[in-house]
Amino acid sequence: MNLGIRAILYSARKWKKTLLVFCLLLAITTLVLSGLAIADAQEEQAEEVRGTTGASFTVERDISTGGWNGNYSTQEFMSEDMIQQIAAVDGIEGYDATLITLPRIFNDKGEELAHENYSFYNYGSYNSQYHELFLSGRFELVEGTHITDDMTGSIIISRELAEWNGLKVGDTLTGIYYPENNTPEVDMKIVGIFDVVADKNDQVNMYDDASYYAYSSYVFCSMDAAEGLIKGWGEDGEGISEAYYYVTDAAQLENVIREVQSISSINWNNYKITANDEVYQNISSALSDTGTLITTLIIVITVVSMVLIILILSMSIRSRKRETGILLAVGIAKPAVILQYVLETLLIAVVAFPLAYLSSKQVAGTLGTLFGKAVENVIVTPEHFMLVAIVGGILLVTAVLVSSISTLRLKPKQILAQME
Amino acid sequence: MNLCKRACLYSIRKKGKTLTLLAFLLVMATLMLTCLSIQSATETANANIKKALLGYFTINAKTLENGIPEDTVSQILAMDGLSGRYTLRSYTYATYFDADGNLLEINTEGAAQVPEGYENAGRVVANSNSQEDSYFTDGGFEMVEGNPITTETGSQVLIHEKFAQRNGLSVGDTMLLGNVEDKDKTIPVTVAGIFTNTEKQDSIGMAPSYDLYDNIVFTDLSTASFLLYGTEGTTNVQYGDFYVNDPDELERIMTDVQELDGVDWENCTLTRYDNDYQNAKESLEGLQNIVFIAIAVVSVICFLVLALFLTLRLRGRIHETGVYLAMGISKGSVLLQYLLEVILVAAIALVISFGTSTAISHQIGSSLLSQVTSETYETVDLTGESETAEEPTEDLGLAEIEVAVSAEDYALVWAFGMVLCVASTALAAYPIMKMKPKSILSQMS
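Sequences listed follow chains R and H, in order. In terms of our numbering, the first sequence opens at residue 1 and continues consecutively. In terms of our numbering, the second sequence opens at residue 1 and continues consecutively.
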């Protein structure tokens, strides 16, 4: 009888035992596969957490290397091209720059809007959602949309301003900066309304220009509108002097900055870069602790699984001592006996491994929803499967070989005599 | 022969099998215990992340006649959930005199106006730690000489470099701060340090004289309290920023604070600042869920594997069962014998597992520690030529992560382990027990 047939016949005859070993293999393989998927998901999730820390860098004109005309720096301003060029670097999630103007603003009937002290404090902005005031939570957009870099002639205003003047999203306002210098009138459509969350009465704010204006008088307009407001007025006094870039993954901040610095068309002598990732620095050690813990957990699971498989197989082989003795006594070669055992095990594994691949895809999701904690990114990939199948296969063969050694070292007579 | 004796004899006779079972149970118990200790460690890590995201609330008591009294501040600090990190602030104006009571000169160049009564006055900023004031953290102020103010008392001031030059003051000199309205109310202070601004003030031409950088002085809270409220010996403050451990609890803590006596909370403004946490909240929960699912998967599959293994083991003993039954031993006592064997081994395995899992947890714990040390080195070299305002990572008072097997976890594993051993042995034995001895023995291969 050929050993292949013997292996199949044994597995079929002892189907209950085969089924048990199969179930064990299935369970353990599922465990390892889920473990690998969880390790990857953790990596991804940690990256997501890092992405929420608002790690950024600021590019600003370097006053120290530029000229000084007595009143202000003559260092070159940032050009729109340059700002967009940097924004296109990989790993940058969003950016903003500000061009401050102090315009007077009128409604469509030509009446000046009612407001608190002074005039309006207007931030020309590319993507207002990345403006410091919104990112820090001091302002919160409650209606409409943020200013984005593809908008033209748009403005967002505070809720107070909207209420005092009966304004709503979709209305048009007109801004004039310096009428005496013949700057043009600029029409802007209200695209959004924000709420002031911060406490402006807190005197901690009092140190710069902006702090003399009431928050309700702050407005954000699209960059083209801000440039329109200063058109025709002094050429060198106004421009964009700073731009802020937010990265997707705080851990990559350094690399992104390096890449930005390698843009050769920008004269880096005139600009400087400042990194800001304080929040990330604060949480990074605790976050990597979580990562290490989960990785360790997966390693422990994998090692334990290997030990379990060896234990199970050695137990199953050891219980077949008598059979081994008989097989040897009827003149079957030792290698053939071992090969038969290996074959039996592999037969089970061939079915168990693919099934584990399918079941592990379900396990994490099912368990998650069972406890109301769904996680989408626990995904078992074909790579995981390949890894487990190859390592698992080798492990199984080794385990069978090792556990057969003790029996096979003996003569058939000794084996059979040893039996009870 | 009684069944206890039989169980013991069996276990000893079949050393190999007993050892395999012991090894199996030991590995399982160790795995479970390690999982549980890792889980509680990730909870600590998670709490650390929440704490490091620095959720805080600010009390603005500017409009109150007496600000926030010292007692209230200590009551708030004693509340549950506060991290112990806090900043107290007061702002006022004062007229500057030298030690002999002569008026000191302020800078008026670039001022929008010099308000009446403020010809020799400037803004007074008091902070628990002058280095943490926004002028220093965001406004580009830097110390050039002397030390920052870090105590609440001590009658000290920091003055601007130009103010010091204009009035011939240096570190160690004494000057007087006077109430702007009531000129007789003065307090002597020592110049503890001199600062300068690295960024140009952008509100020149807009700011009144007293807000100009040159005219600002920093002082301690008790001096400001004297100028603002006329207090002596006790310190009242205008503002307090209080940091909490868990930003999720901000709402609760703020409500509790407003129930304290001694302050007219109606006229105070309480503002919560937890934007960093709100941004990270969702992804952080995702991370926690992953940990939870990992533990759940391990537990469920562990139990499954254990049950299967015990079944497999018992099936190898059908022959033996048939012989026992044929000898007239009751089914109940045969089952009991099997249970006893498993329980005996399980008990030994569980006892040993405490040692092994503690050793493993310890190993994990120390690897975490070494990782922290190596990371601090990593952050030192950042972005070569770009300018970095990298300060040494501040101590946030984070809890040290301890990976240890807790008593509850151990008890839990004991209970579950035992129940599982008994249940799966009983279940596996059930089909065998159902049969007659004759059919068992004839079924044998």
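It is possible that some hints are incorrect.
In silico DSBU-like cross-links for lysine-lysine, where the CA-CA straight-line distance does not exceed 30 angstroms [stated by the list, open to error]:
1) H/LYS200 - R/LYS14
2) H/LYS331 - R/LYS321
3) H/LYS200 - R/LYS16
4) R/LYS200 - H/LYS200
Keep in mind that the hints were calculated from the coordinates and are not lab data.
Outcome of the hint check:
1. H/LYS200 - R/LYS14: violated (87 angstroms)
2. H/LYS331 - R/LYS321: With Cα atoms ~28 angstroms apart, H/LYS331 and R/LYS321 stay inside 30 angstroms; holds.
3. H/LYS200 - R/LYS16: violated (84 angstroms)
4. R/LYS200 - H/LYS200: holds (23 angstroms)
Of the numbered hints stated above, those contradicted by the structure are hints 1, 3, listed in ascending order.
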